[in-house]
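Chemist: So the protein sequences, as listed, match chains A and B.
For what it's worth, my numbering labels the leading residue of the first sequence as 12, then goes sequentially.
For what it's worth, my numbering labels the leading residue of the second sequence as 5, then goes sequentially.
For the record, the hints were derived by calculation from the structure and aren't laboratory data.
Take these hints with a grain of salt, some might be off.
What the hints assert, rightly or not - Here are the in silico distance ranges between beta carbons for each label pair: (1) A:S32 x B:L391: 33 to 43 angstroms; (2) A:S158 x B:S404: 20 to 30 angstroms; (3) A:K236 x B:R22: 45 to 55 angstroms; (4) A:T89 x B:F272: 53 to 63 angstroms; (5) B:D374 x A:D150: 53 to 63 angstroms; (6) A:Q129 x B:N290: 52 to 62 angstroms.
Claimed, not checked - Stretches of chain B that chain A covers, calculated by requiring three or more beta carbons in the stretch to come under 8 angstroms of a beta carbon on chain A: (7) 6-18; (8) 295-308; (9) 311-320.
To be verified - No more than 30 angstroms apart at the CA atoms, straight line, and that leaves these computed lysine-lysine pairs for DSSO-like: (10) B:K398 x A:K74; (11) B:K312 x A:K74; (12) A:K145 x B:K10; (13) A:K145 x A:K156; (14) B:K220 x A:K101.
Just so you know, these numbers come straight off a predicted model, no measurement behind them.
Glycine included, every Cβ here is placed at the ideal spot set by N, Cα and C.
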Amino acid sequence: MQRPYIITINNLSKVYTEKYSNIQYKALDNINLNIEEGDFTAIAGPSGSGKTTLLNIIGALDKPTSGEVMIENTPLSTLTATESAQLRLKNIGFVFQAYNLIPTLNSLENAEYVALLQGVPQNRRRNEILQILKELRLDNLANRKPSELSAGQQQRVAVVRAILGRPKIVLADEPTANLDSKTGAELIELMKTMSQNLGITFIFATHDKMVMEKAKTLIQLHDGKII
Amino acid sequence: MNTFTKIGWRNITRNIYRSSITIAAVAVGLASLIFLKSFIDGADRQMVENYTDLLIGHIQIHKAGFQKNMGLEKSISGPEALISSFKSTPGIRYAVARIKDFALASSPESSSGIMLFGIDPTAETKISILHKRIRQGRFLEKDDDDKIVIGRSLADHLKVATGDKVVLMSQGADGSMAAAAYEVCGIVEAGAEEIDKGLALITLKAAQELLVMGNKVSEIVVKADSLEKIDDIKEILKSKVNTNKFEVLTWKEISPMTYQWLQFDQVFTGLILFIVLLVVAAGILNTVLMGVLERTREFGIMLALGTKPSQITKMVTMESLFLGLFGVLIGSVAGLGLVIFFGKIGINLSAISSALNSFYIGSVIYPRLDAMSFCLYAAIVLLVSMLVSIFPAKKASRLSPIEAIRHI
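Throw the hints in and build the complete structure from the sequences for me.
Modeler: Spelled out as structure tokens, the structure:
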């Protein structure tokens with residue numbers, strides 16, 4: 012049975028203009044796409060194909076030149092900066108290629124950052140987070156700063172941060188790019204389990220074959236177009 | 005601790021060297037402000053105290069119009085009743101009567117125009133410190149009706165020393181020619197040239213005889229318990245005399261130039277304080293702005309995760325508040341310590357004592373701090389440290405998340 016679409020993309024284009032030369036570069040070219048709730052989607056393509064740009068626009072981090080992205084029927088183009096921040100906080104979790112943990116906070120504080128912004132009470136937040144960190148074998152690293160963690164450990168903390176706020180969508184930009192293949196595979200398996208258990212929609216930008224193989228839906232991008 | 009407060013605090017400790025320099029800049033700035041203000045207030049206070057203690061007193065009561073156009077016809081009859089009434093007024097330490105008139109002082113060698121004072125030697129020591137400034141001979145005593153005390157520069161001009169005779173000439177209250185010879189018993193050195201050059205003191209009785217004034221006097225000089233009470237006491241005294249017949253003037257009205265100088269001094273102090281504040285502000289702005297630029301990527305991540313721009317503003321402002329608080333705390337202790345230390349031992353400026361003396365300021369200045377100024381400066385520095393963070397805080401909150409994350 013088909014599930015409702017959580018993301019609807021209509022005629023989406025993004026054109027960058029070089030600052031000094033005024034040369035225009037089309038990063039996305041008339042994309043039309045629907046993504047179902049709970050989907051485990053990989054957006055694949057070579058470097059420069061527009062994967063990250065598409066993810067950024069879906070995540071309300073960037074604005075399209077034309078076209079529209081709707082998340083649960085909310086058109087993103089109508090949102091102010093604060094409303095975009097609210098939408099991201101409530102609906103979207105991010106996992107970045109470079110982990111992007113906050114350097115002054117320890118693992119526990121980084122992991123609970125989004126839940127904290129959402130106003131989840133500390134008791135509930137801490138219990139849940141310690142349980143997840145334990146499952147991920149990160150509980151003994153709870154008080155360590157990001158600089159004291161390995162790449163794989165940092166990325167797992169980033170995943171916990173992304174899902175702890177119970178988002179409807181997690182956008183992951185090349186999450187395995189800086190990890191060895193074993194750690195990468197473990198991470199994708201972790202996210203797949205979470206997708207199944209929590210009903211979270213995962214969208215990856217990747218050129219990692221392992222990730223593509225694990226994806227339920229695979230979208231190929233080339234020169235800003237879906238092929 | 006709130007997460008944004010926590011992050012703000014940890015950012016302070018992140019670059020401890022830079023934060024320490026900023027805290028030191030705030031502390032040094034505030035300590036300088038406190039010390040400078042205390043030094044100037046101490047000097048100003050000394051100036052007013054010396055000025056009023058030497059001769060003028062705090063409040064003078066004359067016949068109406070005397071201050072504008074001095075003359076023996078504007079004299080006060082039976083001053084004892086007024087003095088007795090004034091002495092019983094709360095806040096008044098003492099009140100004395102004087103005669104004041106222009107006269108010509110002559111010696112065999114020279115002559116000079118002077119301001120002649122007829123004083124009660126015993127009572128005068130209670131409101132004036134002139135008797136402590138005798139450099140040769142002695143001060144007048146009760147029955148020294150044939151003696152005179154003159155200023156150092158006047159003595160030099162007349163080429164007289166103690167034991168020599170000086171002839172005073174003036175016009176009596178009845179229009180007669182007044183002239184008498186007096187023996188110099190003391191030479192006073194007030195430190196202020198206008199006094200040392202033109203002052204002559206004889207007893208009140210001798211002056212009344214010389215100027216044919218009977219028991220009349222020119223003025224009643226009042227000394228209050230403290231400078232701060234003067235304006236209130238003036239109003240009380242005004243209610244005790246007929247203001248159509250008498251004028252009650254504070255030292256500020258008697259010597260508006262001195263008062264204006266003090267006001268100018270305060271403006272000048274304010275200007276210096278403003279410059280110091282600017283330096284403090286620039287120091288904090290530099291640190292916070294550098295911190296914001298350095299953490300552009302971090303702010304991008306926070307914004308991407310759903311942090312509201314207002315929360316970013318709060319966090320950056322908290323950092324600045326922490327820097328300011330530490331700086332103010334250290335600066336207050338340092339400033340207060342300096343004021344207490346130098347307030348006890350004084351700052352010896354005897355190398356420029358002649359310049360200071362001409363402004364009625366002694367060679368040793370004792371800084372004095374009022375609690376109001378102290379709190380005000382601490383609050384201003386703290387406020388400035390908060391205000392200067394608005395620009396970097398707004399800059400951070402307005403970042404585009406995606407551009408900020410790309411920032412290296």
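Chemist: Look at each hint and say if it fits the structure.
Modeler: Structure-based check of all given hints:
{"no.": "1", "hint": "A:S32 x B:L391: 33 to 43 angstroms", "verdict": "41 angstroms, holds"}
{"no.": "2", "hint": "A:S158 x B:S404: 20 to 30 angstroms", "verdict": "26 angstroms, holds"}
{"no.": "3", "hint": "A:K236 x B:R22: 45 to 55 angstroms", "verdict": "48 angstroms, holds"}
{"no.": "4", "hint": "A:T89 x B:F272: 53 to 63 angstroms", "verdict": "58 angstroms, holds"}
{"no.": "5", "hint": "B:D374 x A:D150: 53 to 63 angstroms", "verdict": "58 angstroms, holds"}
{"no.": "6", "hint": "A:Q129 x B:N290: 52 to 62 angstroms", "verdict": "35 angstroms, violated"}
{"no.": "7", "hint": "6-18", "verdict": "holds (count 6)"}
{"no.": "8", "hint": "295-308", "verdict": "holds (count 6)"}
{"no.": "9", "hint": "311-320", "verdict": "holds (count 5)"}
{"no.": "10", "hint": "B:K398 x A:K74", "verdict": "21 angstroms, holds"}
{"no.": "11", "hint": "B:K312 x A:K74", "verdict": "18 angstroms, holds"}
{"no.": "12", "hint": "A:K145 x B:K10", "verdict": "25 angstroms, holds"}
{"no.": "13", "hint": "A:K145 x A:K156", "verdict": "17 angstroms, holds"}
{"no.": "14", "hint": "B:K220 x A:K101", "verdict": "93 angstroms, violated"}
Hint check: violations occur at hints 6, 14; the rest are consistent with the structure.
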